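A.B. asks: Protein sequence lines, in the order shown, are assigned to chains A and B.
Number 86 in this note's numbering belongs to position 86 of the first sequence; there are no gaps in the numbering.
Number 58 in this note's numbering belongs to position 58 of the second sequence; there are no gaps in the numbering.
Any given hint could turn out to be false.
Computed list of lysine-lysine pairs in DSSO-like fashion (alpha-carbon distance at most 27 Å, straight line) [claimed, not checked]:
| hint | chain 1 | residue 1 | chain 2 | residue 2 |
| --- | --- | --- | --- | --- |
| 1 | A | 69 | B | 40 |
| 2 | B | 53 | A | 69 |
| 3 | B | 41 | A | 105 |
Covered by chain A, per the in silico footprint, the following chain B stretches (three or more residues, Cβ under 8 Å) [stated by the list, open to error]:
| hint | segment |
| --- | --- |
| 4 | 34-46 |
| 5 | 84-97 |
| 6 | 100-106 |
Keep in mind the hints are simulated off the structure, nothing from the lab.
Everything numeric in this text was worked out from a predicted model, so none of it was measured.
All C-beta atoms, glycine included, are put in the ideal place defined by N, C-alpha and C.
As a plain string of letters, each chain reads:
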Amino acid sequence: DAKTTQPNSMESNEEEPVHLPCNHSTISGTDYIHWYRQLPSQGPEYVIHGLTSNVNNRMASLAIAEDRKSSTLILHRATLRDAAVYYCILYLYNFNKFYFGSGTKLNVKP
Amino acid sequence: DTEVTQTPKHLVMGMTNKKSLKCEQHMGHRAMYWYKQKAKKPPELMFVYSYEKLSINESVPSRFSPECPNSSLLNLHLHALQPEDSALYLCASSQAVASGTGELFFGEGSRLTVL
Numbered sequence: 001d002a003k004t005t006q007p008n009s010m011e012s013n014e015e016e017p018v019h020l021p022c023n024h025s026t027i028s029g030t031d032y033i034h035w036y037r038q039l040p041s042q043g044p045e046y047v048i049h050g051l052t053s054n055v056n057n058r059m060a061s062l063a064i065a066e067d068r069k070s071s072t073l074i075l076h077r078a079t080l081r082d083a084a085v086y087y088c089i090l091y092l093y094n095f096n097k098f099y100f101g102s103g104t105k106l107n108v109k110p
Numbered sequence: 001d002t003e004v005t006q007t008p009k010h011l012v013m014g015m016t017n018k019k020s021l022k023c024e025q026h027m028g029h030r031a032m033y034w035y036k037q038k039a040k041k042p043p044e045l046m047f048v049y050s051y052e053k054l055s056i057n058e059s060v061p062s063r064f065s066p067e068c069p070n071s072s073l074l075n076l077h078l079h080a081l082q083p084e085d086s087a088l089y090l091c092a093s094s095q096a097v098a099s100g101t102g103e104l105f106f107g108e109g110s111r112l113t114v115l
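Chain A extracted, bound-state conformation (with noise of 0.2 Å):
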C-alpha cells in the first residue's frame, strides 16, 4: 500500500516556480510530512518539512493541505541546480521510521 504518490516526472522552465504535488490520503494526526531531493550519484539531501502549517526556509516552501492528505513542495524559483529526483517522505511516528515515496524526476529547461 502506497503511503505517498507522486508524479513521476515533472518539467520546468528555469527561474519559473515549480510545484511538486504529494498525496498521502493514509496520514495519521502524528505523520510529519519530509521532502529530499537527490541530485545524480549523490546521497538524499533534506529540503524541508512539515506537521500541519505551510513552512518556509531558504531552499523551498510547503504548503499542507487542511485535511493533511496531501502537500506541496513548491521551489519559487527554478535554476538548472534543482534538477533532481524529489522525494516525498512520511515519518510514521508509531513505528519510527522515515517512509520514502517513489518520487518525481524534476527536469529544468535553460
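We have chain A already, so just place chain B on it with the hints.
C.D. replies: Using the frame of chain A, we list chain B on its own:
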C-alpha cells in the same frame, strides 16, 4: 562538519567474498541508518541504530550484518551475497530516532556490484 562519509565508493565482490562497508559521522548524532537503493527506485530502510544499539531490522537477510562499534561509526558486513544485492548502499545519521522533526544526513553511498 556536517558530513557523513562512506567508504569505499565502489565495491565489486564475488558471491563467496566477505567485505565490509564503512560509514562515519562526527556530528554527535546518536541514530544511524543503512538504506539500500536500486536503480531508479527510492531508498529502502534496512537497519536503524539508536545509541549504538540495533533498534530496527527490516527483515534483512542474514548475509547482511550491521555493526555499530561506537557512536560515530557504522559498518555493514557482507557475506555470501547474491547478484540481486547489487545496489547503492546509503548510510544516514540523525540527532536521534523517534523524532519526526529530525533531519537525516546522508552519505554519497557505496555502489556495490556482486558478480
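A.B. asks: Each hint needs a verdict: does it hold in this structure or not?
C.D. replies: Okay, the hints, checked on the actual structure:
1. Our distance criterion of 27 Å between C-alpha atoms is met by residue 69(A) and residue 40(B), whose separation comes to about 26 Å.
2. Using a Cα cut-off of 27 Å, the hinted pair residue 53(B) and residue 69(A) is violated, with the two alpha carbons roughly 34 Å apart.
3. Proximity of residue 41(B) to residue 105(A) is assessed by CA-CA distance (about 11 Å); at most 27 Å being required, the pair is judged to hold.
4. Coverage of a stretch by a chain is defined here by at least three residues with a beta carbon nearer than 8 Å to that chain's beta carbons; for the segment 34-46 of chain B and chain A the count is 5, and the condition holds.
5. With 3 residues having a Cβ less than 8 Å from any Cβ of chain A, the segment 84-97 of chain B passes the three-residue criterion, so the hint holds.
6. Counting residues of the segment 100-106 of chain B whose C-beta sits closer than 8 Å to any C-beta of chain A gives 6, which meets the bar of three, so the coverage hint holds.
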